[in-house]
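Enquirer: The lines below spell out each chain.
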Amino acid sequence: MKIPKFAEVARGARFDVRPLQVMVPVISTVIALGIGVLIIASTGASVLGAIDAFWDGMAGSDFNIGASLNRAISLALVGLGFIFAGRANLTNVGGEGQIAMGGMFATAAALHGAGDLPLGLAFVVPLVVGTAAGALWGGLAGFLKAARGTNEVISTLLLSFIALPLVYWSVESFHLLRKPISDLSSLPESPEIPDTTKLPLLFPDNGSPLHIGLLIAAVAVVAVWLVLKHSPLGVRLRAVGLNATASRRAGMRTSLHVVLAMTVSGGFGGLAGAIMILGQQFYLTSDFSSGYGFDGLVVGLLSRGSAAGVVIGALLFGFLRSGSINMEISANVPSAVVLICQGLIVIIIAGSTILTNRKASR
Amino acid sequence: MIDEQMAVFIGSGLRLAVPIIFAATGEMLSERAGVLNLSLDGMMLMSAFAAALTSWATGSPLAGVAAGVVVATAVAAVQAVLSVTLRANQLVVGIGFNILALGTTTFLYREIFGPLSRDPIPGLAQLNLPWLASIPVIGPALSSQTGLAYVSILMVIVTWLLLKYTSFGLAVRAVGEDPRAADKAGISVARTRYLGVLYAGALAGLGGAFMSVADSNTFTENMTKGAGYLAITAVIFGGWNPWYTLAACLLFGFATALQFLVPALQLDVPVALLLLLPYLLALIAIAGFVGKGRQPGALTIPFERGG
Amino acid sequence: MAILELSGLTKRFGAFTALDNISLGIERGEVHCLLGENGAGKSTLCNLIFGVHRPDAGTMVLSGEQFQPRGPAEALQRGIVMVHQHFSLVPNMSVAENLMLGRASAVLKPQDIIVRMGQLAAEYGLEIDPDALIEDLSVGERQRVEIIKCLLGDPRLLVLDEPTAVLQPDEIDALLAICRQVALRGKSVILVTHKLGEIGRVADRTTVLRQGRIIETVTMEGADMRALVRSMVGRDVQSAGSVLAAAVDIEGKVPAKSAMDAVDPTSSGEAVLQISDLVYRDAHGLARLDGLNLTVGSGEIVGIAGVEGNGQTELGLILAGLASPSTGAIVVGGTPVTDCTPQQITDAGVGIVPEDRHAVACIKELSVAENLFLGAIGKFSRFGLLDKSARRKAAEAMMREFDVRASSPDVSMASLSGGNQQKAVLARELSLDPLVFLLAAQPTRGLDVGAIEAVYNRIRAARDRGLGVLLISSELEELMAVSDRIAVIYRGKLVGELSAGSFSREAIGAMMSGHAHV
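Residue numbers (our numbering), protein chains in the order written: chain F, 1 to 362; chain U, 1001 to 1307; chain D, 2001 to 2518.
Calculated from the structure, these hints are not laboratory results.
Take these hints with a grain of salt, some might be off.
[To be verified] Some, not all, of what chain U presents toward chain D, calculated at C-beta under 7 angstroms: (1) R1087; (2) A1181; (3) G1186; (4) L1274.
Remember, predicted model here, so these are calculated numbers, not experimental data.
All residues carry an ideal CB built from backbone N, CA and C; glycine is no exception.
Okay, chain F solo, but in the shape it has when bound (with noise of 0.2 angstroms):
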């Protein structure tokens, strides 16, 4: 450093951008379904009609409100996962995976013995074995950018890739999860698991689907925020992200908070793969995971790293999910149009960093 004052003077004169990191997440969720609006202006179905059918679908009934809420669910956990590996600058966009395998592996666990097991543990068990199986995928990350230095955004990508075939390949073969051919049906899918290992219905009088994940998820907002923003493993993770030499230095063991980053951030992803499967879809399918991946990788980049943006995208995307779909059923618009919506907020806000990063050197 020639001129130790040049840049201090230069950053102190920056405007606060804490607003802007606000509003870019809000203004580009805005602008994507003004545009989403527009092209279904565009196909001459009416708008009106779309919209309704889609506020139906999200929450025209209890039954929608719950499913949507369902949905939510998964999403926010994907999304906490993805802000707790950010927090050690580490980009978790193997969600894909890490659902398929927590959500292969609760299944096996529900199949195999956790049905007969006494006092709830029926569905707990499959949970922390699909828990268990996530961390495995994305401490496997973590390991090979803490040992080998790989980056963690194309190992996980590949991960996800590994784990897809994996699932199709149990869904399959009939040595392990598929279930056998009946005269009803010999798609390649598992049986179903026994209802002792179904998740609990919060609600089991009005018909809502809404189950006791939505506590799990509660439980698990507040515990990363915790984490995060108010202990000391928060600060050591950003620390390790932000400098690990320096971290080194002064005594923590970087490679260790890499893995866990990465392992609680699988993690996550694997306990959201088994409440999808013990919550509401009951069997294991090899597409089952189909987008939340990367649905949950959209609403951790809406949340700048805050656990209440999670809460707030994962909502917007759960009810959106559900809204696209009851459209394309009832008013006949592709819901592909939602897609098009999430693509463009991830690219406006991903394009509007040079506006909200303080410092975007290096």
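With chain F's structure known, arrange chains U and D on it following the hints.
Expert: Quick look at chains U and D alone, frame taken from chain F:
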């Protein structure tokens, strides 16, 4: 019987490899310049759709190929603005584009073709070179390819020559390795990277167009099925070298084609394991357990002068 | 006639004015030195001329034509070339490839470059293997490649930004000779330095910069060197004492340490640091440290002198636990710490002020409080959660004690000046408990004069309370002002030692260049 199956296997292996060869070759050059286009899959998908649409509308598959290249290059241009000029996270932008491309092509396909359309799309003709076909086993497989397949090998040669023997190639390598040094040598980092990304876009366009108007003569939703990711994987596995990348693409193509051969030969190998093989190999490669390829020093790192 | 005419150049970075109304003419065939302290604006001026930055006001005229470069490409095209402090060579490409970079010709012609290299080798004695990879070359060789790169295009103006800082004395001689050769051939040279000795040997004229302004431009024939120093630092050197002398590097003008330092050095007690036969081999198998032996006693400051790149950096990294020695042993206060983790080294009572403040000592995005307790993040927690108010209180106390000036412990480290950042690092390291030994590597690099004095005082105070201190510095005058003993490192070995009272610049200089043993 076995010979016939081998010929089919080789033919389909090559056909599956060609789009990956196109995309990976362009992507290799772009990555040598320091920009990773995770959006490769999106570019291919957009191109496949544009090519199918144009070929269907005009009756000319060549016009389709041209349209595919134009559309993919346009996507690449936006990717370049974001990742070079706006210094956005290249990986996140890439994922965004892939979601956007999937949404856009799915939407337009349903709107334009309608969910039940089965109209045939004019496709490129096979070359059927008699002197090639006379070679035993591989002959029929080689001669049954379209001209575009041969172009893919040509592009590998062109890219190799560009990198090794031209000042543009030297600039690309310098910009991807040490942009600060390149900048001080008077090279425009931004211009070189833009050209690299556009090159990747144009080649991904050829690859995408190949899928719809040369290979399957139709468009289906999400028809690339992650071929773009596979191409990026091939670049890593090929150690950022054009010939090793080509070898990786062929390996991946034939590995994918095995899923048709294995059941025909009544071998008891799970198809799923064949599907994950390329990714597993690439993971092993980037973890540094095989291969000597070193990733370009400034890959995915935006350049900002001064500071 | 002036080849380059600058008038009224002003450059601001945010609220900070780096250059203020600079007017200056560079003549054809002259070596023109830019002299100034760190932060005087020398590098910024070079960067304006080379098009790296654009001026906020003022004009440049090159050979009678307006010159407003929009980037280095344009400056190059107009015949201006520059050798930067940090080399701009692509490490995994060959010398020839680096030389071809940025030269117009669609198809590469390595043969042409090799012929041209032969010509330059004959003219200036700049020999180098065209096929060698840059990453395999020494620092001096890399600089030679830089200069060849500059001369290839037959430039009008060669700008050299602090080129001698990284060189051995004999390499410096060769470089200055090349500068004269270049000027003899009718080209102009701008040479940036803060070393007066070099100016006397090479410059035709010298321009002195201070705080972004031109103080004076003098013709070197018959110039008064002391007057130059006065205009450079803004006050008389003798009255300003050792700190300023260190900053300007005047030969042989510094009084022996014992004469100017009133404090009696505490007599050195038992050894707190013992290094025996330390060897460190880098990735290429080169011995960067080659059998180094050193003992530091309690209550003494031992200085390590040497030209940069003789193993000082590696020694610092090993003592900090950031690199593992190949062989040898290190003992701190009776505890062996060879090949230990940074935490174990800290626990043994070692404080480290590392050479690279930004990369190793602090995390600039974190708050001052977080940086002050970087090694003890868990210290302030209740029920597993951070007790931020307790941490803030402790940080405030530490900031008062060590005079770290920041509006609050919660502002980011990046918002502090370099001097205050360094004081914070010292505060953290000197507050360790237990603490028996302190390593201070290049502790005043890039700091202003006031902060330098504060750092010296802290180091002396640490010595006085019984710590052993190892001071690694590339500034000889700094070492002579602060150390009780100076050991000279050359090619990874200590080649000689002097104690306070017998410091001689000439003797140390000779040992630094490997020419003499004492």
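Enquirer: Are the hints correct? Go through all of them and say.
Expert: Do the hints match the structure? See the list:
no.: 1; hint: R1087; verdict: violated, 17 angstroms
no.: 2; hint: A1181; verdict: holds, 4 angstroms
no.: 3; hint: G1186; verdict: holds, 4 angstroms
no.: 4; hint: L1274; verdict: violated, 36 angstroms
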